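*Asks:* Here are the chains, one letter per residue:
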Amino acid sequence: MSEPIVELTNIVKRFGNVAALRGVSLKVFRGEVLGLIGDNGAGKSTLIKTLAGVHPPDEGEIRIRGQHVSPWNAAAARDSGVETVFQDRALAPQHSIVTNIFMGREITGRLGFIDHARQIQEAGRLMREIGFTSKVFNPESTVGLLSGGERQGVAIARALYNEADVIVLDEPTTALSLTETQKVFNFVRTVQASGRSVVFIGHNIYHVYDIADRFVVIDRGAVAFEARKSDFGDADELIHVMHELAETGTTDHRVAG
Amino acid sequence: MAQEAEVSGFRRFWRRNQRAANSLFTFLAIWGIFTALNPALFTNWVTYNAIFLTLPITIFLVTTLVFVIVSGELDLAFPSVMGFSGWMFVLAYTAGVPPFPAMIFAVACGAAMGFGIGALVVYGQLSSLVATLGLNFLIRGIINIGAQGRAISASDLRDTTTYAVFAERFFLFPNQMYWAIAWIIFCTILFRSHRFGIRVQLVGDNPESAAQMGVNVKRTRMMVFAFSGLGAGLAGVFAIFVNFVWWPTNGDGTLLPALAAVFVGGTPTWGGIGTVVGGAIGALTVGFIESGVVGVGFSGYYVQFFFGLIIILSIIAHRFSGKRVR
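For the protein sequence lines, the chains are U and R, in the order given.
So that you can map any letter, position 86 of the first sequence is 86 in our numbering, and since no number is skipped, the others follow by simple counting.
So that you can map any letter, position 92 of the second sequence is 92 in our numbering, and since no number is skipped, the others follow by simple counting.
Keep in mind the hints are simulated off the structure, nothing from the lab.
Quantities reported herein were computed from a predicted structural model and do not represent experimental measurements.
From the three backbone atoms N, C-alpha and C, an ideal C-beta is built for every residue, glycine too.
Hints should not be assumed to be uniformly reliable.
Said to hold, decoys possible - When the alpha-carbon atoms are kept at most 20 Å apart in a straight line, the in silico SDA-like pairs for lysine to any residue are as follows: (1) K27(U) with G16(U); (2) K135(U) with F10(R); (3) K323(R) with L255(R); (4) K218(R) with E106(U); (5) K49(U) with E208(R).
Unchecked claim - Label pairs and their computed distance ranges (CB to CB): (6) L313(R) with V12(U): 36 to 42 Å; (7) Q182(U) with I189(R): 41 to 47 Å; (8) I315(R) with F113(U): 50 to 56 Å.
Said to hold, decoys possible - Just some of the chain R residues that point at chain U, by a computed CB distance under 8 Å: (9) T35; (10) P39; (11) M213; (12) K218; (13) R219.
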């Protein structure tokens, strides 16, 4: 396999006396879809927020394209080419689609003045790129008036703008209709086809199994299991592994070296 | 997006300025009623002279306060910051500093004080309402202890070029009004078209989302308080240009009218959105009620009654500007 784009080594994150992450090491390779799965409270969300720079790690190292990045925060993560579509979508509902797409990444001219015309143009382009178009809204529509799927579209368009190397999708299909879920899958495949990587977090194992090339199971704040899709016959085998891990903390499922 | 939902220029303009327009309609309605009741008085330009002399002071306070409210915070310390900045101005001026550098110094003091207030609120993780209320008393206390109740005169200020530039009369208005209008334009551009203004709105709308997207929420909030301090500093200096005397109570009476002007102007209490122009119109409305009520023949006892009535009616009117979307 090629050099990893993202490499987390021995990441520890504590909240008071509780260690939410206990030495997590994880690699994301170019062009892959990595499925991150685990039970509620396993540490998936903390890991994603750490990767997104929202929770800087207490210990451990984060390397992007082989380079150690410090300090690691949300702005540094985005600057390094890691974009996250959060489960809550991280939107400002009282503002327009275009303002949300460029949140924290405004297109500015000299002295920090916003280039409104270019932002609207770019927002339109991004929305067309992901098939996020409608007769009832435009880039200046208020986000709070959009449906859940449409809001997901705004968050995805935002993640695309920076031409990020890695796009992290945190529970992207939760509360979406079948059609909207299919749109998210199409988006993931488009991103992968362009040579970029996706980290896909989901509760629905069938969704994750369908879309991912590789799986990492998080359990009690640590990586419990890693495997490629070729190591399983179907999604049920992966579910069986997760049951074993939950009950015994280990699995006898064999993976190819 | 040309092929998608097209929004006409007028609709877009209306949507962006609905709150400011509503506050303008409120003002025009009040003005219309007062003028109908006493046409001779309210069609005479002289009536407005006193308003235009003091209105800029409120405008400097209100326009910057809009940023604070939109950011989801509250600043109740601006009256004492205004008093402190005015104090610094007269102290510097009477110590021999030329008026313009003294003015810059005083405004910088206001901004620095605002920054300090912001740092305390943000890094102390304090409620801005309670912290700034306490700081308002604390700073006023420092002023009282320092000044020992004594006023400071700067009567020869009127002979200076700085006064001529900032406070003489040109054409219809005192110069303060032109500076206040320039300030409103500056604040509007800052609010709508500068990264700072956009981030203030985003932080007020959803601070968690803004932080997740890499916006420095703490720095934005501190800058908002610094900006409020800067506005209070300008107000403190311009108050001296009106009376040529600084009193230790300078700024004391501005708290409630300035806050009322923000809300009458159409900035909602919940943060995230607001209007600078609406705030300025709110300042005009609030300033006009005081002289207007007496002008139509009511005694001064009615001022507060009408003041309250108009605030309540304005807030009800702004409900039609749209509810909060989540």
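*Asks:* If a hint holds in the structure, say so; if it doesn't, say that too.
*Replies:* The hints, checked one at a time:
Note on K27(U) and G16(U): the hinted pairing is violated, with a Cα-Cα distance of about 27 Å set against a maximum of 20 Å. Proposed proximity of K135(U) and F10(R) is supported: the alpha carbons are some 19 Å apart, at most 20 Å. For the suggested pair K323(R) and L255(R), the alpha carbons sit about 27 Å apart, so the restraint of at most 20 Å is broken. Restraint check: the Cα-Cα separation between K218(R) and E106(U) comes to about 18 Å, which is no more than 20 Å; the hinted pair holds.
Taking the CA atoms of K49(U) and E208(R), the gap is about 12 Å. The hint holds against a cut of 20 Å. Checked against the hint of 36 to 42 Å, the C-beta distance between L313(R) and V12(U) comes to roughly 58 Å, which is inconsistent with it. Hint check: Q182(U) to I189(R), Cβ distance near 44 Å, so the stated range 41 to 47 Å holds. With their beta carbons about 33 Å apart, I315(R) and F113(U) fall outside the hinted range of 50 to 56 Å.
Hint on T35(R) is violated. Least Cβ distance to chain U is approximately 37 Å, over the 8 Å limit. With 8 Å as the threshold, the beta carbon of P39(R) stays out of range of chain U, its nearest partner Cβ sitting at about 42 Å, so the hint is violated. The interface hint given for M213(R) is met, as the beta carbon of that residue sits about 4 Å from the closest beta carbon of chain U, less than 8 Å. Interface restraint check: K218(R) against chain U, minimum CB-CB distance 12 Å, threshold 8 Å, status violated.
Violation of the interface hint for R219(R) is found here, the shortest Cβ-Cβ separation to chain U being roughly 11 Å, above the 8 Å cut-off.
Hint compliance for this structure: hints 1, 3, 6, 8, 9, 10, 12, 13 are not met, and every other hint is.
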